[in-house]
Each structure stands twice: as C-alpha cells, then as structure tokens.
Amino acid sequence: MTDRRATATERHFLQTLESYRKGSISRRDFLARTGLGLAAAAMAGAMPGLARQAWAQGSIGDRVVIATWPNYHAPESLEAFRAATGAAVDVNVFGSNEEMLAKLQAGGAGWDVVVATNYTISTYAEQGIIEELDLSRIPNFDPSAFDARFAGPGVIDGKTYAIPRNIGTTGYCVNTSELDGATPATWKEFWDLARDQLSGRAMVHDYQLTAIGNALKYYGYSFNSVDPAELADAEKLLIDTKPHLFAINSDYQPSMRSGDAAMSMCWTGDAVQLQRDMPEIAYVLGREGGELWSDFFTVPASAPHRDAAYALINFLLAPEMAAQEARFHGYPTGDRRVDALLPDEMRNSPILYPAAELLNALEFGAAVTLTNPERAEIMARFKSA
Amino acid sequence: MRPALRTTLFLAPATAWLLFMLVLPLLVVVLFSFGERGAAGGYVPAFTLDNYANLSARWTAFRNTILLAPLGTVLCLLIAYPLAYHLAIKADPRWRTILLILVIVPFWTSILIRSYAWIQILGGNGLPRLIAELGLGRPRLINTPFAVLVGIVYGYLPLMVFPIHVALEKIDRRLLEASADLGSPPWRTFLQITLPLSLAGVATGSMLVFILLMGEFLIPQILGGGKVFFVGNALVDLFLQSRNWPFGAAVAATLVLVMLVTVTIYLRAMKRLSGGRDDVSMM
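Chains as they are written, first to last, in my numbering: chain Z, 705 to 1089; chain P, 2 to 284.
These are computed hints drawn from the structure, not numbers from a lab. All values reported here derive from a predicted model rather than from experimental measurement. Don't take every hint at face value.
Covered by chain Z, per the in silico footprint, the following chain P stretches (three or more residues, Cβ under 8 Å) [stated by the list, open to error]:
hint, region
1, 41–51
2, 56–67
3, 138–148
4, 186–194
5, 228–242
For glycine and all other residues, C-beta sits at the position ideal for the given N, C-alpha and C.
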C-alpha cells in the first residue's frame, strides 16, 4: 500500500472518490487505492483524536488478525479501525486460553494480537511465545491509570509483555424465572441445581480453569488447586453432573437467550449483555469464591503484521474507544480514564463492580493451572465421559 | 522408452504423495505415541507404553464412535438407496440432471453453517416447540445422540447417493426387461438383478461415509454440545486443549487400527454377499 500511496496524486484521488461515490468500487478499494494517509485525512472530521495517530503510524498493511473471546469487541470499533487505517480485523474466537496456547505452541497461528488472561502471561513470556512490547508504539497506554493488582501480571522482571485490557469475574448467570424468582448465592447451589431442579438446563465452560476451579469451590478448596486428592473430588463432581448438563460450551449466550439453558458459568461481560435484554437473568458470584481475572493484549513473537498489531492495540486503548467497547461488551476495563467516561448505570453496576466482601473471596488464576497435566486430563476425561 | 521405466515415471507423483503425505506422517504418529507429554504440553522423546495403557480413559469416545458411525452409515444407506433408485431408474430423464443438482446444492454452503442452522431447528424454539404446540410433549432434541445422527445423515447423504446412483444407472435395462419377460414379479427382479448389480455403489458409498464418520468431530461438537463425544473430539481436545500429543498420537493410531479391522471385515462380507465379483471388492 505504501507504493500505491506514493502514486496517489490529487487527480487520481478525485477520480477514485468519484468511482466510490458512483458505487463502482467498494469503500475498501477506495481506501486502498487512495492510500492510507489521504483516507485518514478524510476521516479526520469523523474521528477526532484518532486520525492523527493513524496518520502518524503510516501504512500498516490491509489486515490484522486477533485471537480473542466470544462477544468481546464491538463490531463498530473494529470497523472504525478499518476505516481509519485500511486494515481489516480478522477475529478468531476461542473458548479457553489452553486452546490458544495449543495453537501457539504448534507454531505459526498467524495471529498478530492475542488477548490472554493473567495466568498465562508468565508461561508465554518464558517460552518465548510473546515478546516484550515497545511501549513507545502504544502511546494510549498509561500504566498509572491501572490498579497494580490487575496490570501486574503483564510485567515480568521489569519488562512489559502485556497491556491490561479488561478485568472481570467468573460467576454464573441464572434465569430466575425458572426458580420462582429466588436467586442462589453459592457454587454449592450451582452444582446442586444443575443436578436437580435445573437438570438438562445448565451449562459449564469448555475451559479447565473455570470448570474445574468452580467444581473445587463446591468443596471449599482453592480455585487453583493442583492437589491430587482435591482434584479427584472435583472430577467426581464434574462426571456426576455431566449427564445433567445441557452442554459444555464457553459460548453460552445463544442458549441462555433461547431459553434452552437456564443457568451457566458466566463472565462479567456476558452477564451484562444478557441482563440488558433479559432482566430476569441474575449474575451470581459464589460466596465461596471463584475467579477474578484480568485480560491482556499481547503480541506473539510470530505475528505476521506487527505494525498493524501495535496500531490496533493503541487504537482500542484510546479512552473514548475503550469506553465505546466497554458499553458494548460490559466488562470494566480497569482503566480509570475509561471508567470516567462510562454512564452511571455501568459505574454503579454490581456486576461490573461487585461488593468488596464478594471480591475478597475471589482468586486470580495461577500459572500452574495452565500447564498442569492432571487438570488438562481431568477436563478431557470430563468431556469424553 | 521402455514400458517399465514409463510405468515408474507415471507412478512417481502418486508414490511420492503417498510416501510424504501418508506413510511418513503415520510413522510420526506411531513414534509420538510412545513418547511423553512435555512440561507445558507437546512431545518429549521417550519410550513408554503408558499412552496405550491409558486408552481406557477414552473408552466412551471410542464406544460412541463405534456405535454411531455404523448407525449413521446405515441410516444414510436406507435413505439414499430409494432416492438414488428413483433418480436413476424411475425419474423422468428430463428432470434427472436437475434432481441430481438439487442433491448437491447443500454442499455449496459450508457444513459449519448448515450445522448451525440445525441448532436453531432442533433447539428449544424450533421443532420441540412445534411438537409442544401440537400437544405431544416437549422433547429435548439438541445436544443428544439423535441430533448428532440427524446432522450426520443430513451432511453425508450426497456421498451415499452418488455412488449408488452411478451403479444403478450403469445397469443394462435389457436385463430388467428379460427378467420381466421370463415372468419375474418386480420385487424379484429387484432382489435378483438390480440389487446385486448395484452393490458396488453401496460398497463405495458406505465406505466413503463410514471412514469419514469415524474421524468426524464437527457435527458432534456443534449438535452434541460437548455431550456426544466422538474419537475425533477426543483428538481435537488432546491436541488443541490439553496438548498431550503422545496420548493423542496413541488414540489416533488406535483409531486407524480399528478402522483397518472394520473396513477389512466389511469388504470381506460384501465380497461374499456379491458372490466374489471384482467390482464390489474394489479395495
């Protein structure tokens, strides 16, 4: 695209603009033919504050591939990125960090940005899967705007490998109209309801960390336990519950919305999105505890479009853009600059910002769970049971 | 050019393909199956039989596959044969091409998208709701073996229809006329002439469907909701989630072995059934 831009004279630009207006070329062609700089300049009015950076970053190619989670990005933010830079965002959605790790380990996944959870960062850095970030290329990142508790896992030996994105909890959502309006409050109730009153209607994540972790909570063990005896108890509970489950799947919104499922392990943002349309859905943080997490933007060492990766991360970190994303996905970003831009009902939401006594019981996922062979095998046995 | 040299030259591409795309990868699978899982996953060279000793941990997946793959094949056959028969023998020749194209049309859309459509049809707001409104109870269809079988029959039917259609179309119509002239009722003509002459198509279609079904993972994943688990799903999990390559390799090698045995038994049976004719025992 650099070459094309160099030849894009003013007359050529006007001709192409005319073709675009007449509809004989697509907007994408229009952006490609006229060149990034001119396109960004034309957008300047529509995107104050962003166009300047897109201009400065120059040509970044026409695509960027991001590995991320379901229901995690507002389509209009990615569209805005394409409009501002000419790079279309390919979104690959995953159900677990383990699935991402497997693809990364096999090499050449072709991803430019990977959204990874706190407990994976140290392993990724150790194995050379991700690389230290050049913070000068991410001017929208302000470390002082983040709580050290959430941003900490991204920094290893003083080097920043990962930029905090969203934070949240893992609880469960339940359709209270199926329970005569009663709202459960513990993980014990989750597993008991799944095997009794809500048999055939409950869903468990296809994800070892939360599926096993929350089964461990049934007995009051640590969410991160790798103790063989405790894991054996969790496996027994999982296998015992399996025939009663509706499905094992990390993309549970469609089933909750259609009413096929009445209860599911659930992340903050999905709870917000579900509750927006179905007020009868409650979000429960088990009193016994469970998971508190922060996600990060990382750039794999194998990223084919590194410039575009930095551009996308920086673009999405701009406070206005991050706030727009947060309004869509319903996760707190952990960025104080963004919190200030959120509407009151989000800032006061108990789902986004749970009460202190519930938060205190939660644990961050531990790095050992990512690579622990016993947890991996228990999850696989649970699924194949 | 001497004939032997010419033959060698012509066969070289296929030989190279088989060597690099089949034999070598299979050897790697077998080699890996004796190794150990690395600390963070993957493969570490070793020599152990633990992976094979551990196979019973995937017994349910093998059982589901060994039960549902043949069942799916038989269902496909039962639905495909009358359809192919109608297309090849009964249908008006003017319509035949259009009808055949209609059988292929679903293949123009990705199986993934078509399976997602089945989620809607079999999900609570689809067929079960319709059945409930007819006052016949509210059955649970999605995420059951039934849903997986529906997906299998739907996805694999064309693979069964075409070989049978081709075999039926090749039958010399004078044989059918002769049979009728000699006083056979139609059912007897079918059993003694048409069916035996179409067995080659049945064998090919069944092989195609069965072999692919043994490795199937997408349909159980989407329509089984992680509750109807095939060996294919176990493999996807072992390589793409728990990253236990050696155990995955052992499961894969075992699957290949199970398939070799079943296919051999099946072909022997077909050969006996058709009286030892060569066109049936094509493998």
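Structure versus earlier hints - violations, ascending order: 4
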